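K.L.:
Each chain is listed here by its residues.
There are 2 protein chains.
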Amino acid sequence: MRLTVLGCYAATPRTLTNPTSQVLEINNHIVLIDCGEGTQVELRRHKIKFSRINHIFISHLHGDHFFGLPGFISTMRLLGREKELHVYGPKGIKEAITLLLKLGDSWTNYPLLFHELSSKESELVFEDEKISVTTIPLDHRVYTNGFLFSEKIGKRKLNIDAAEAYGIDKAYYHNIKNGKNITLDNGKVVDNKELTFDPPAPKSYAFCSDTIYDESLAAKIKDIDILYHEATFLESEADLATKTKHATAKQAAKVAKDANVKTLVLGHYSTRYKSIELFKEEASTVFPNVLLADDGKTFDF
Amino acid sequence: MRLTVLGCYAATPRTLTNPTSQVLEINNHIVLIDCGEGTQVELRRHKIKFSRINHIFISHLHGDHFFGLPGFISTMRLLGREKELHVYGPKGIKEAITLLLKLGDSWTNYPLLFHELSSKESELVFEDEKISVTTIPLDHRVYTNGFLFSEKIGKRKLNIDAAEAYGIDKAYYHNIKNGKNITLDNGKVVDNKELTFDPPAPKSYAFCSDTIYDESLAAKIKDIDILYHEATFLESEADLATKTKHATAKQAAKVAKDANVKTLVLGHYSTRYKSIELFKEEASTVFPNVLLADDGKTFDF
Numbered sequence: 001m002r003l004t005v006l007g008c009y010a011a012t013p014r015t016l017t018n019p020t021s022q023v024l025e026i027n028n029h030i031v032l033i034d035c036g037e038g039t040q041v042e043l044r045r046h047k048i049k050f051s052r053i054n055h056i057f058i059s060h061l062h063g064d065h066f067f068g069l070p071g072f073i074s075t076m077r078l079l080g081r082e083k084e085l086h087v088y089g090p091k092g093i094k095e096a097i098t099l100l101l102k103l104g105d106s107w108t109n110y111p112l113l114f115h116e117l118s119s120k121e122s123e124l125v126f127e128d129e130k131i132s133v134t135t136i137p138l139d140h141r142v143y144t145n146g147f148l149f150s151e152k153i154g155k156r157k158l159n160i161d162a163a164e165a166y167g168i169d170k171a172y173y174h175n176i177k178n179g180k181n182i183t184l185d186n187g188k189v190v191d192n193k194e195l196t197f198d199p200p201a202p203k204s205y206a207f208c209s210d211t212i213y214d215e216s217l218a219a220k221i222k223d224i225d226i227l228y229h230e231a232t233f234l235e236s237e238a239d240l241a242t243k244t245k246h247a248t249a250k251q252a253a254k255v256a257k258d259a260n261v262k263t264l265v266l267g268h269y270s271t272r273y274k275s276i277e278l279f280k281e282e283a284s285t286v287f288p289n290v291l292l293a294d295d296g297k298t299f300d301f
Numbered sequence: 001m002r003l004t005v006l007g008c009y010a011a012t013p014r015t016l017t018n019p020t021s022q023v024l025e026i027n028n029h030i031v032l033i034d035c036g037e038g039t040q041v042e043l044r045r046h047k048i049k050f051s052r053i054n055h056i057f058i059s060h061l062h063g064d065h066f067f068g069l070p071g072f073i074s075t076m077r078l079l080g081r082e083k084e085l086h087v088y089g090p091k092g093i094k095e096a097i098t099l100l101l102k103l104g105d106s107w108t109n110y111p112l113l114f115h116e117l118s119s120k121e122s123e124l125v126f127e128d129e130k131i132s133v134t135t136i137p138l139d140h141r142v143y144t145n146g147f148l149f150s151e152k153i154g155k156r157k158l159n160i161d162a163a164e165a166y167g168i169d170k171a172y173y174h175n176i177k178n179g180k181n182i183t184l185d186n187g188k189v190v191d192n193k194e195l196t197f198d199p200p201a202p203k204s205y206a207f208c209s210d211t212i213y214d215e216s217l218a219a220k221i222k223d224i225d226i227l228y229h230e231a232t233f234l235e236s237e238a239d240l241a242t243k244t245k246h247a248t249a250k251q252a253a254k255v256a257k258d259a260n261v262k263t264l265v266l267g268h269y270s271t272r273y274k275s276i277e278l279f280k281e282e283a284s285t286v287f288p289n290v291l292l293a294d295d296g297k298t299f300d301f
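Residue numbers (the working numbering), protein chains in the order written: chain A, 1 to 301; chain B, 1 to 301.
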């Protein structure tokens, strides 16, 4: 699993900082999470092919998470896209994009499919044999969802040495990979587990931005691998965080601790602080394994 | 008059090129012309204060001229703007911006005033004692206007040496600056022209993008100082230019020549060519005084 942070700063695009957008590579899927202004340019800078993105998840309709989407969708048309593009986001997103494309008389040539969200309960929004994506309802100033991306358990891997030791013909390898036991010529049945390795443990990533500190959030992301939680402020601005329905670094760490996640990634920093290291210092007093997102940073999990 | 080109490339934002946006400083006004994605960042890069911009002129509602506007308007709110902001653009622009701000529950605290355009005839859209702005209807794939920005003739400048030579008291200087003749103590009347210098010649700038080559355009911008005319293509792609309702460098030069403008500025280049110098070479075969716009370039006229 690879996370590329295209932008992770709050409020407005600036010369050196971008608003929120991330690319998550998970089990052969490449998904875009949020799409602040400038996302297209950052995708190009990281040489991520637009055509490989088939699913876009938008947390909420504040400009710093969303104003890059109309341009991204338009560019896909100019690049000659033909495949379906799926957009998951709050109710209203379809009307907004449709109006903008209509005004420019630039409707897409490719199928653009909106999955509008309005539930206040968690719901499964995408699933195939590789991954599932469920919403994590968040409490922010407007209707907002985080997203939980979960890999599915893969197939068991063939242990060639074991198969050869039993003298099993290669013609049966396909069956072994599919979990079948094998009956030898002498009638003995070899359990599939003797002929295979465990598949890699499936990983999970939760994107939670923007949100106020919410104690109940931990239960929804219990024991996951990686939590990206917004930390717009430090504790010194805790009142402002509550008022604007954002969280502090310490609060993000509390969620990570309560949820027993493996790794916490912080982001969505206000640009008022002189260094983002301050966020890590504060969060580390509560939770040990803290990483700092930053524009252009890539994490391999 | 100073023109700062924030972006001047066609179609999509790229790592090294921005879509259309310009800042024109004219007679103490600072206006923004078009607002492609990334405009905010370019304004910051050029240290142009957002608060000094009170008028925004949008040529048409294709994304590369317009998708930076929602973010710019939102940022003005975050920066605490209180002054009126005037937006001139095609009918529909108000609905689009209003919907986006409504979805983000982020309506502006300052007065945001839309002046929607739908006429196919040139019309005066702004005027004060310093400048006037009139539309230049253009022929593109969607409803499009160029804009003609014209300085007004300033006041005559006091010739202090002449006034002193006549022994005129300083108390009368204000009247002289306002164009009055002066009656001396001996009864002689001194003509105002003897006591003043001519004001600087008023300058004019026409922004014409995007547009097909249109012979009738020259008559609308006759004898102006500076013409910015789109040159998306070279003559080798003249058919494509016509088909997409864009112009070639040579066609832009023909308009400049027919209109008898002083200077032609080219822009809105397709990124398919290896150098923008090719546009200058082609245009210069028809019209001598050609400048190339480029991202980050500033012209003082």
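Keep in mind the hints are simulated off the structure, nothing from the lab. Keep in mind that the hints are not guaranteed to be accurate.
Note that the list lumps identical chains together, so a pair holds whenever it fits in one copy or between two copies.
To be verified - In the DSBU-like style, the derived pairs of lysine-lysine whose C-alpha atoms are separated by at most 35 Å in a straight line are: (1) Lys49 with Lys120; (2) Lys280 with Lys47; (3) Lys83 with Lys94; (4) Lys47 with Lys243; (5) Lys257 with Lys83; (6) Lys188 with Lys222; (7) Lys243 with Lys83; (8) Lys102 with Lys220; (9) Lys274 with Lys83.
Quick caveat, the model's predicted, so the values are computed rather than measured.
K.L.:
Against each hint, give a clear statement of whether it holds in the structure.
P.N.:
Taking the hints in turn, this is what the structure says about them:
no. : hint               : result
1   : Lys49 with Lys120  : within (34 Å within a copy, 41 Å between copies)
2   : Lys280 with Lys47  : both (29 Å within a copy, 31 Å between copies)
3   : Lys83 with Lys94   : both (18 Å within a copy, 32 Å between copies)
4   : Lys47 with Lys243  : between (39 Å within a copy, 31 Å between copies)
5   : Lys257 with Lys83  : neither (41 Å within a copy, 46 Å between copies)
6   : Lys188 with Lys222 : neither (43 Å within a copy, 97 Å between copies)
7   : Lys243 with Lys83  : between (43 Å within a copy, 26 Å between copies)
8   : Lys102 with Lys220 : between (39 Å within a copy, 30 Å between copies)
9   : Lys274 with Lys83  : between (44 Å within a copy, 30 Å between copies)
The earlier numbered hints that this structure contradicts are 5 and 6.
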